[in-house]
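Asker: One-letter residues, chain by chain:
Number of protein chains: 2
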Amino acid sequence: MERLKRVDWPTTLVTDEIKRVDQREDGFVRALRGGLGPAVAGAFCRGYKYPLSAAGAEMSAYLGARAEGDKAASKAPIPEEPEALSRHIKRLGYFYRADIVGISELPQWAVYSHDKEGNPVELSHQSAIVILVDQDYRTMRGSTGNDWISNAQGYLSYSTADFISCIMASYIRRLGYSARAHTVDNSRVVIPPLLLLAGVGEISRPGIVLNPFLGLRFKVAVVTTELPLLPDKPVDFGLQEFCRKCQKCAAGCPARAIPPGDTVVLNGYENWRLDVERCTKFRILNPNGDYCGRCIKVCPWNKPAGRLHDMARWMVAHTPWLDGFLIKMDSIIGYEEQDQAEKWWFDLEDIDGVLQPPGGRRA
Amino acid sequence: MERLKRVDWPTTLVTDEIKRVDQREDGFVRALRGGLGPAVAGAFCRGYKYPLSAAGAEMSAYLGARAEGDKAASKAPIPEEPEALSRHIKRLGYFYRADIVGISELPQWAVYSHDKEGNPVELSHQSAIVILVDQDYRTMRGSTGNDWISNAQGYLSYSTADFISCIMASYIRRLGYSARAHTVDNSRVVIPPLLLLAGVGEISRPGIVLNPFLGLRFKVAVVTTELPLLPDKPVDFGLQEFCRKCQKCAAGCPARAIPPGDTVVLNGYENWRLDVERCTKFRILNPNGDYCGRCIKVCPWNKPAGRLHDMARWMVAHTPWLDGFLIKMDSIIGYEEQDQAEKWWFDLEDIDGVLQPPGGRRA
Numbered sequence: 006m007e008r009l010k011r012v013d014w015p016t017t018l019v020t021d022e023i024k025r026v027d028q029r030e031d032g033f034v035r036a037l038r039g040g041l042g043p044a045v046a047g048a049f050c051r052g053y054k055y056p057l058s059a060a061g062a063e064m065s066a067y068l069g070a071r072a073e074g075d076k077a078a079s080k081a082p083i084p085e086e087p088e089a090l091s092r093h094i095k096r097l098g099y100f101y102r103a104d105i106v107g108i109s110e111l112p113q114w115a116v117y118s119h120d121k122e123g124n125p126v127e128l129s130h131q132s133a134i135v136i137l138v139d140q141d142y143r144t145m146r147g148s149t150g151n152d153w154i155s156n157a158q159g160y161l162s163y164s165t166a167d168f169i170s171c172i173m174a175s176y177i178r179r180l181g182y183s184a185r186a187h188t189v190d191n192s193r194v195v196i197p198p199l200l201l202l203a204g205v206g207e208i209s210r211p212g213i214v215l216n217p218f219l220g221l222r223f224k225v226a227v228v229t230t231e232l233p234l235l236p237d238k239p240v241d242f243g244l245q246e247f248c249r250k251c252q253k254c255a256a257g258c259p260a261r262a263i264p265p266g267d268t269v270v271l272n273g274y275e276n277w278r279l280d281v282e283r284c285t286k287f288r289i290l291n292p293n294g295d296y297c298g299r300c301i302k303v304c305p306w307n308k309p310a311g312r313l314h315d316m317a318r319w320m321v322a323h324t325p326w327l328d329g330f331l332i333k334m335d336s337i338i339g340y341e342e343q344d345q346a347e348k349w350w351f352d353l354e355d356i357d358g359v360l361q362p363p364g365g366r367r368a
Numbered sequence: 006m007e008r009l010k011r012v013d014w015p016t017t018l019v020t021d022e023i024k025r026v027d028q029r030e031d032g033f034v035r036a037l038r039g040g041l042g043p044a045v046a047g048a049f050c051r052g053y054k055y056p057l058s059a060a061g062a063e064m065s066a067y068l069g070a071r072a073e074g075d076k077a078a079s080k081a082p083i084p085e086e087p088e089a090l091s092r093h094i095k096r097l098g099y100f101y102r103a104d105i106v107g108i109s110e111l112p113q114w115a116v117y118s119h120d121k122e123g124n125p126v127e128l129s130h131q132s133a134i135v136i137l138v139d140q141d142y143r144t145m146r147g148s149t150g151n152d153w154i155s156n157a158q159g160y161l162s163y164s165t166a167d168f169i170s171c172i173m174a175s176y177i178r179r180l181g182y183s184a185r186a187h188t189v190d191n192s193r194v195v196i197p198p199l200l201l202l203a204g205v206g207e208i209s210r211p212g213i214v215l216n217p218f219l220g221l222r223f224k225v226a227v228v229t230t231e232l233p234l235l236p237d238k239p240v241d242f243g244l245q246e247f248c249r250k251c252q253k254c255a256a257g258c259p260a261r262a263i264p265p266g267d268t269v270v271l272n273g274y275e276n277w278r279l280d281v282e283r284c285t286k287f288r289i290l291n292p293n294g295d296y297c298g299r300c301i302k303v304c305p306w307n308k309p310a311g312r313l314h315d316m317a318r319w320m321v322a323h324t325p326w327l328d329g330f331l332i333k334m335d336s337i338i339g340y341e342e343q344d345q346a347e348k349w350w351f352d353l354e355d356i357d358g359v360l361q362p363p364g365g366r367r368a
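Residue numbers (the working numbering), protein chains in the order written: chain A, 6 to 368; chain B, 6 to 368.
Just so you know, the hints here were simulated from the structure itself, not pulled from any lab data.
None of the hints are false.
Given that identical chains are not distinguished, each listed pair holds provided it fits within a single copy or across any two copies.
Once the Cα atoms are required to be at most 30 angstroms apart in a straight line, the calculated DSS-like pairs of lysine-lysine come out as:
id, residue 1, residue 2
1, 95, 308
2, 333, 348
3, 121, 24
4, 348, 238
5, 348, 10
6, 80, 348
7, 286, 308
8, 238, 24
9, 348, 95
Here chain A stands alone, though its shape is the one from the complex (with noise of 0.2 angstroms):
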């Protein structure tokens, strides 16, 4: 991350015209509340279809409970310059193993006005630090993106990340600052914005932020604290021109919610016109798998680790008029196929409480 492009501003526009948000907005808590129809609210209150989500999704309720704390009386004998604090915090990230830490300013426009219930929000941290954890190439390599692993692979980056940024705030907290841990359970952040200023991706077609390394194939925790650190700047890796020509993620969509067409501003900022609506119902009620994760699948982003790939990476950022015959390269290749040799999982499906072979509720 340390050699790539870094510009003063996203590479989409991010004003400041833009409001707070509420969380009741948020397209699962709308779901949930049945703003999605009943068939989605109540498949929603069904709760998980597939055994290891659910175990993922228990561990991540179970840390989300341990977000807060009482920081310390009194301040630890450290270094108060922003930069060494934020060399400090970094590496303290990736020696819990987290795959990517990034940095940022927290605006107030990306602390959410209302909780899930209604509650107005206060944070007044101005420092994000944003936690990626991996979902794994190689269950991806296996997986057809939007079977039964794919929840699971959400669920195994937010336990992960929940888990570290649980301890990183409750360390900070004992160096006398307070901090605060942004689970996927327990948030009071809107994540995208910080992904962007913190420089750790751009936002893609499928309007979510893509990071170079791992693509779409991450999920994120933040800790929000008053330590003084130094952000990130935003990067740019020639993103933007990537996803005007490349459209294998619309054209995969089996929710048809990703369009060919160009970025649009909504609320202040620049953006893919994903079908939020379409996407969200079709990952809640997906008949032939738990969740769908098809766009981090066939996004010619999803790679692993190695030394043609660094090279792409280059091509795209310097080279953008090739940038088509790579994207032709990448099915030729057959990057998007699934690999069954790679397919380590069981297919199950929990019906009213009992695991059984996936298509009995049809059956």
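Fit chain B to the given chain A structure using the hints.
Answerer: Showing chain B alone in chain A's frame:
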């Protein structure tokens, strides 16, 4: 691990005459109960000296409360062949980012007779899954092995392995098979023999199990279960002869707890003669750091991944007459030196609840 030479019995004697051990005889439990004198018990009760080990230990304690649970009422429709289930469970461990996963049977003599509080222990599971997590090679490079980060490195691995074990146990229970996680704070099993039986390492001079890829630089959590699994076999990678010749841990031990002599048989096990009392006392009272892992640091097996080290591993297994040469090369290259550029943490000591520069207590 899959390419190592497997043998029918561990390379050190493990007889049928082993008696079950009372957890109250464990070094740290004895220390807490005053068995190593009031100074040690007092220091132990004062709690964690370093804020990062405290944060890791807090997490491990929190996870320990999640070790058990009820299994699902009915069994999931999954294959019943132990081989397929073992492959599945190992891939699950690697999916959740374990460094090494092994499977052993669970002999009754590896179950504690009584827990820390003196209650009789019963555990009828027939299989044990051992989950190894690295203590971070780069951090070990920056450390002396017995300075302020030592205990935090231990808790990095404990808390991460605990996290994985709790999710794995929950998942197995959801499949309809009873399973229990054994975390650093909440364990019913004696771990070292399980590591030998699962073939993740051999007993080494400091009396603990050494893995050929991680050296001594790991901690373990265990999941025991009634799920039918195929045990791995013990390994022989040439360690017994190597440890006989190499005396680096004995020479480097600041507690003089590791003698240069040969193995002995005690309670039916063959082992090198670590002075557990000296070791435990030093770790708890260490005036210039938080615990101690100097033997981990100076061990020639403390190496990162790489072809050169693959070659050295091959030589120990196949050309043992060159062990002396390898041991000398290790000293010449200076692997046991501290690399100050990798020291990313701050030296701090918690004295009566206030973090201070170390040495304050004696000033």
